[in-house]
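Whenever a hint applies, use it, and build me the whole structure from the sequences.
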Amino acid sequence: MRETDLAIIGAGPAGMAAASEAANAGIATILIDEQPTVGGQIYRDVQRVAPLRGAMLGQDYLDGLPLARAVANPLISHIAGAVVWQVETDGTITYSIDDQSHQVKASRILIATGAIERPMPLPGWTLPGVMTVGAGQILLKQSGLIPNRAVLVGCGPLLYVLASQMLKANTPPLAIIETQTTGDLMAAMKHVGGALRGWRYLLKGSKLLAALKLGGVKRYTGARNISIEGEEAVTGVSFDTGGKRQIIACDTALLHHGVVPNVQISRALQLDHDWNGQQACFSPKLDLWGKSSEAGIFIAGDGAGIGGAKAAALCGRLSALKIANELGKLTDAELAAKAAPINAELSSECAARPFLDRAYPPFREALSPRDETIVCRCEEVTAGDIRKAAALGCQGPNQLKAFLRAGMGPCQGRGCGLTVSALFAEETGKPIAEVGYFKIRSPLKPITLGELASLEKDAD
Amino acid sequence: MKTASGFNTIGEAAEQAALVPVQFDSKDYMLPEGANLAASLLAAGVSVFRNTPASGAPRGPFCMMGVCYDCLVEIDGVTRQACQTQVSANMQVSKPAIPAAALREDDHA
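Line by line, the protein sequences give chains A and B. For the first sequence, the numbering used here assigns the number 328 to the initial residue and increments by one for each residue that follows. For the second sequence, the numbering used here assigns the number 3 to the initial residue and increments by one for each residue that follows.
In short, the hints are calculated from the structure, not lab data. Beta carbons: idealized from backbone N, C-alpha and C, even for Gly. Check before you lean on any hint, since a few could be wrong.
As the list claims (entries may be wrong) - Here are some chain B residues pointing at chain A (derived, C-beta under 8 Å): (1) A41; (2) T54; (3) G58; (4) M66; (5) Y71.
To be verified - Just so you have them, the derived chain B footprint on chain A, three or more residues with Cβ under 8 Å: (6) 681-691; (7) 733-739.
Stated by the list, open to error - Where chain A lies over chain B, by a calculated footprint (3+ residues, C-beta under 8 Å): (8) 42-53; (9) 72-81.
Listed below in structure tokens is the structure:
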């Protein structure tokens with residue numbers, strides 16, 4: 328089995344920054360990632376795309392270039408197109424490339440698998456033509472595709488980022504249907520002191536909104552009773568706003584109400600997790616270096632708690648430095664000296680976060696969907712089915728698998744896990760931290776028997 | 003080949019990828035070699051990638067990052083995520099076959 332000092336899973340901002348920091352400290356690093364090129368989702372394919380569409384995508388995307396370039400280091404071995412399907416506490420990682428499984432054993436593991444979109448179950452959200460705003464961004468970055476007749480639905484800065492990129496490409500969205508209210512903004516104002524320290528984000532936000540207004544992009548706020556309309560595909564989005572029912576015809580509806588940590592690997596490893604009330608998600612319990620409850624396993628980036636791309640890269644560096652220290656490549660004094668400026672930058676980077684979290688809270692209707700709404704997309708289990716099971720005495724998310732198969736389809740609960748936990752909390756009156764989450768098991772992604780069998784061959 | 007699709011492609015000329023033949027559900031398409039398969043099929047006008055085993059409902063790409071599995075297709079006999087696959091010449095792609103036993107009558111309500 329191949330051995331290494333450090334294995335990093337995920338080549339987004341946290342993984343790329345950690346790899347180069349570790350390599351600078353003289354640590355042999357393996358950087359494993361699903362995509363053909365480094366960048367993760369936020370900097371998807373940045374080295375190829377920057378010259379093609381960099382100007383339209385903006386500086387925030389181009390900021391990924393130096394990170395991606397720094398991965399070209401003789402001490403970093405980038406393993407591309409690799410699907411990690413098992414991680415063990417002894418440092419063994421099993422992954423598959425082109426249907427062939429491989430294993431690597433690392434003295435330290437850094438999980439940098441980032442965020443996934445917060446599930447946004449609404450009536451009609453399974454129709455073809457409904458995608459996430461993140462998907463809209465990926466289509467635009469990697470493939471230069473923009474939906475011609477799109478409506479953006481939900482809340483948060485990412486809606487404005489995508490809408491303004493679409494506007495720059497002369498294909499603006501037909502409308503942005505926003506779920507946050509003026510009350511949310513007022514409540515957020517008490518965090519404005521922190522936000523002013525992170526003033527660049529506020530300035531960026533107001534510039535985006537001004538550009539959208541100038542471009543004639545129609546915005547509706549405080550939307551309620553949102554439904555995606557259509558039989559075989561999306562035909563429109565209907566909602567209440569200002570006491571009136573509106574319907575906007577469209578071919579594509581892009582949903583977003585925040586992102587949450589991707590906890591598949593940390594859950595499978597049975598690391599300790601906490602419920603983060605402010606961000607309404609579970610996140611792994613970590614120290615300031617990203618060390619988890621299991622020795623030798625670190626987590627950095629949005630997978631550790633949502634902070635955005637810049638914060639993710641800084642956290643990746645901190646974890647890499649601590650790993651270098653543990654492996655005897657940095658003294659305690661060197662570690663402290665190198666970490667201080669990173670921590671200072673991290674603190675100002677995170678200053679606007681409480682304001683943003685409060686100004687754009689998750690959409691309540693999607694946290695507690697109507698009975699007829701599908702929650703588990705894979706097995707087509709509705710909110711009503713789950714409520715009924717809870718009322719019948721089903722003990723929680725794990726027993727629900729046996730009751731209804733929710734969370735047992737190919738996505739393995741990624742798309743419904745948080746909603747299922749929230750529905751149980753609502754029905755039983757227990758705090759969600761106590762309800763807990765699906766137990767996640769290997770293989771972390773569906774694999775063929777051939778891929779499993781190919782392991783033995785690899786061992787020879 | 004340009005089929006009516008819901009998408010506008012920008013900077014296409016600059017990409018300079020060779021177009022290669024790919025079949026989806028017995029229809030012929032010319033798609034850019036090496037490009038993301040899900041994106042390329044969307045751009046070519048395909049919106050339904052599969053029907054669910056539970057109710058037969060149509061589905062298409064949703065997350066584009068390998069999380070949701072709604073873009074599952076069968077490629078040369080193996081079920082794969084279209085959004086995690088690169089286009090290569092002569093790929094035979096189809097909607098995944100649904101075992102008859104998987105269709106649950108009570109889910110059609």
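Going down the list of hints, with the structure as the test:
1. A41: Status holds, d = 4 Å.
2. T54: holds (6 Å)
3. G58: violated (10 Å)
4. M66: Since chain A brings a Cβ to about 4 Å from M66(B), closer than 8 Å, the hint holds.
5. Y71: holds (4 Å)
6. 681-691: violated (count 0)
7. 733-739: Held - the segment 733-739 of chain A has 3 residues with a Cβ nearer than 8 Å to chain B, which meets the minimum of three.
8. 42-53: holds (count 6)
9. 72-81: The restraint on the segment 72-81 of chain B holds, since 3 of its residues have a Cβ under 8 Å from chain A and three suffice.
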